[in-house]
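Chemist: Residue-level listing of the chains:
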Amino acid sequence: MPRGFDAIVIGAGVHGASVALSLSRKGLQVALIERDRLGSHASGVNAGSIHHIPRIHFELPLAEVALRSWEQMNEWLDDDCGFRRVGYLRVVTREHELPDVRRSMARVQRYSNIPEQLLDRRELDSVQPGLSEDAIGGIWAPSCGYAVPAHTMNALRRNLQAAGTCLFEGARVDTIEKAAGHWTCVSNGERWSAPILVNCAGAWGAAVAGLVGERMLISPVALMMTVTGRADRLLDTVLGLHGQRLSMKQPENGTLLIGGGYQGAVVSKDWTTRLDPQRLAYNLALAKETLPSLGSVAVVRSWAGIEGMTPDHAPYIGPSLTHDGLWHCAGFSTHGFYLGPVTGQLLADAIVSDTVPDLLRPFALDRITTLGPQSPKADIASPAA
Amino acid sequence: MSTDRFDLAIIGGGPAGLAAASMAFACGLNSVLIDENPGLGGRVFHGIETERDVSILGTDRIAATTLARDAREAATVLSGHSVVDIVRDHEHFQIKTLHGNELRSASARRLLIATGARERSMAFPGWTLPGVMTAGGVQTLLKGARLVPAGPVVLAGSGPLLLLVAVQLLRHDVPVAAILDTTPIANIRRAMPRLAGALWSGSVLRRGVGLLASLLWQRVPIYRGVNTIAAQGDGSIRAVTFKAGKRTHRLDCALLATHVGILPDIQLAGLVDCQLRWDASIPGWTPVTDRNGKTSQDGVFIAGDAAGIGGAEAAPHRGRIAATAAAVELGAIAPDEGDRLVTLDRKKLRRLNRERAFLDTLFFPSPDVRVPQDDAVLVCRCEAVSAGCLRALAAADVAEINHVKSISRCGMGACQGRVCGPLAEETLKDATGRSAEAVGTFRVRPPLKPVPIGAYAAFASDDPPAEARFLYTADW
Ligand SMILES: Cc1cc2nc3c(=O)[nH]c(=O)nc-3n(C[C@H](O)[C@@H](O)[C@H](O)COP(=O)(O)OP(=O)(O)OC[C@H]3O[C@@H](n4cnc5c(N)ncnc54)[C@H](O)[C@@H]3O)c2cc1C
Ligand SMILES: Cc1cc2nc3c(=O)[nH]c(=O)nc-3n(C[C@H](O)[C@H](O)[C@H](O)COP(=O)(O)OP(=O)(O)OC[C@H]3O[C@@H](n4cnc5c(N)ncnc54)[C@H](O)[C@@H]3O)c2cc1C
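Residue numbers (the working numbering), protein chains in the order written: chain A, 3 to 387; chain B, 5 to 480.
No lab work stands behind these hints: they were computed from the structure. Since this is a predicted model, take the numbers as computed values, not measurements. Idealized CB from N, CA, C, for every residue including glycine. Be aware that one or more of the hints could be misleading.
If you want the footprint, here are the derived chain B segments under chain A, 3+ residues with CB under 8 angstroms [claimed, not checked]:
#, region
1, 90–104
2, 174–182
Examples of chain A residues toward chain B, derived with CB under 8 angstroms [unchecked claim]:
#, residue
3, Phe60
4, Gln280
5, Ser298
Using the sequences provided together with the hints, build the complete structure.
Modeler: Right, dumping it as structure tokens:
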């Protein structure tokens, strides 16, 4: 006999945990089923950046709400999740990019009320001293910042416990059956059943959808991150580079977190990751070029986490196109951490009321269904060629 | 940046690596021998190429100098190179080393890891005070930097190295105030049945007796059955307090050197994903190997103490066996030829194993030196995580070590868990009653040593990787 619930959520990343928590708080009996451990994948090992640039236009209204949501973490989780509103500075180093910078700012203004300012070199220095001589200006977004992923996932775990959500860790769902309006998920002989099923399986989202015969376009990539030992205060903001891939910040403990979306390899046999030293070196070289004083700071660890990419780099959020009682929320394409809490709350509302709110509408699954590869075919999913 | 290609890369220039280099040459391999120290010799023979007066436990100095000289003839030697990362690239291993402030790269078809052992840390109140260090650390200062510490010195713990360091200090005229022996009395009873075999088969024990005699002769007080050690002082150590039997003692000292045994250095094995197993006789994690030192990872061999504590005398034999197996795999020599080459090494090893069994039993560390008793004691000094914090997590059912790491930051500092790993694992095992396998061990991530960002930058190519040109919405 399967254990009966009101809803089953597959995947305990930031999205699954947030949806499950919101549904539980609405009085539903929720089973949150996780293959490994809550937060052990992208949601617990990401860079923690909270900013809206350079997102696709239809994500900007949601981004605005998401930025505000981090200010309110204390009310939602009784924990600040390490959120610091230090602002996001997107440095521009190449003159020919200025038109694109203006376009990007106009887009943000058109679709949201997120404040942004274009800084000249002098203003840049007052926001972030020590930048490379090549920096000619930058976009300054003071309402952005960072939070601490591991800290956030622990806060979610505590709240799930308090809300009475049943969390099952170490349980990989590998069969899903539907009978008489009820979903039954099976993992290693264990069974759970409920009328509502939510797929929050991140990079594995397409694989889980595949269990019920629904096609989604999500391919896994391994994103690399690097952390240094403690250093003097070198960085006051979350720093990016326009037209190039770079992301860095220096949390309060003094270590520097450096990334930007450089890819290692996903070993598809067991979905472990492998670092790519060449790309890592490029990432660090760019960091040093942007902030030259980084040169003598020592790297202590690099790692990679698995993220699900969609063809247009926006997530799929919404009801299944083929089944009643099934919802998807996956494929966050490198920027799902900052969206997690807000998406979870909105999706829970949508599920209970069976109406998708305007903010989530653009992410519907019928947006794109036929582009790109579905999953890696080769033994190693090579980085986007 | 230049990349040199070799048949075999031997990492570690101790007795295992040195003997492996000569054997590899004899089998016709083109090999590279990499060690982070400025000279060859490893831990036991640290500084052997320059030091005139080295006293050795276990093997003869002349034999060691010969080993080092032969190895220099037999292989390309990269001294002063720390291996910080290894990745497999089709048929080759790309080995990244840090040389000064520069990253270098070498490539080889087979790997032979001979990185030796590391000391188990002992955590007690005051262990993070300046003036408290490991006995191995003191020895490295004496042998390598020739720094003679100021006394009086108290040595605490268990095992042959403790006595050796005491004698070496005395030889440098450093006053040794006392030796605090934490060896559990029960171990002696358990080890006795193995004594005869051990005396007959190896030399550590005989030399140990010699060391003991010399300490007694110099009237160094030895306290037995010691526990509840604490370092006292603020700013730096002034005294050590401890219990021996029912009495509490206090001794003034300027340096407290601790030693509670050694563990295989599993950093590189972990980095290249070799399977590990829990060896209850050490106790500690040990790479899984066959009798040739071949690991679960294709093309990766391990020899010497890195493959499981076997001691300095066994190390060269293990190095020769592994190098021969690598040569057979590469097709440089025939399998039966390989067997013939190492017949004597195998025979010698069988004999030495009897002594090892005795030593392991005698010096088996008791739980109270493996697990900090006091909740306030720091386990991870980099991130200031206390034993009490780990026990609180264990009570909340968080007991897998990598999970504990992500919650508490234990092991995330500059040492990346190299110092605190075994301490944290033992504390969690003790608090939860779970097995070593359930608690697990820290995942090893590159770089193995801190590497300046500038070194990576110099190593980077100017061509942006594909994803850097494919931007859309994708950077954070
Ligand atoms: C601190 C310490 C002191 C010891 N002192 C003695 C002693 O005095 N007498 C005794 O009989 N036994 C001693 N031992 C035991 C020792 O392990 C011996 O059994 C013997 O040295 C083992 O030989 P080996 O060749 O396996 O390794 P080792 O002799 O330990 O040689 C390993 C070598 O690998 C190098 N290495 C490690 N990691 C890297 C890396 N990432 N990159 C480059 N090089 C690397 C090390 O610097 C070292 O030179 C000591 C052990 C320790 C840990
Ligand atoms: C290195 C890195 C840096 C990043 N930096 C940022 C950043 O700075 N800012 C930002 O906003 N975003 C960032 N991201 C993206 C962000 O981390 C992700 O978009 C987000 O965490 C996705 O959350 P999720 O809950 O959808 O997926 P996940 O966290 O991957 O969770 C999905 C879970 O589903 C489980 N699962 C899968 N299949 C099954 C099954 N069959 N049965 C049971 N469970 C299953 C998995 O084990 C996993 O735990 C980064 C990502 C990475 C990898």
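Chemist: Give a verdict on every hint.
Modeler: Hint-by-hint comparison with the structure:
1. 90–104: Holds, because 3 residues of the region 90–104 of chain B bring their Cβ atoms closer than 8 angstroms to Cβ atoms of chain A.
2. 174–182: Coverage by chain A is violated here, the residue count being 0 at a Cβ distance below 8 angstroms.
3. Phe60: The hint is violated - Phe60 of chain A has no Cβ within 8 angstroms of chain B, the shortest such distance being about 11 angstroms.
4. Gln280: holds (7 angstroms)
5. Ser298: holds (5 angstroms)
When each numbered hint is compared with the structure, violations occur for hints 2, 3.
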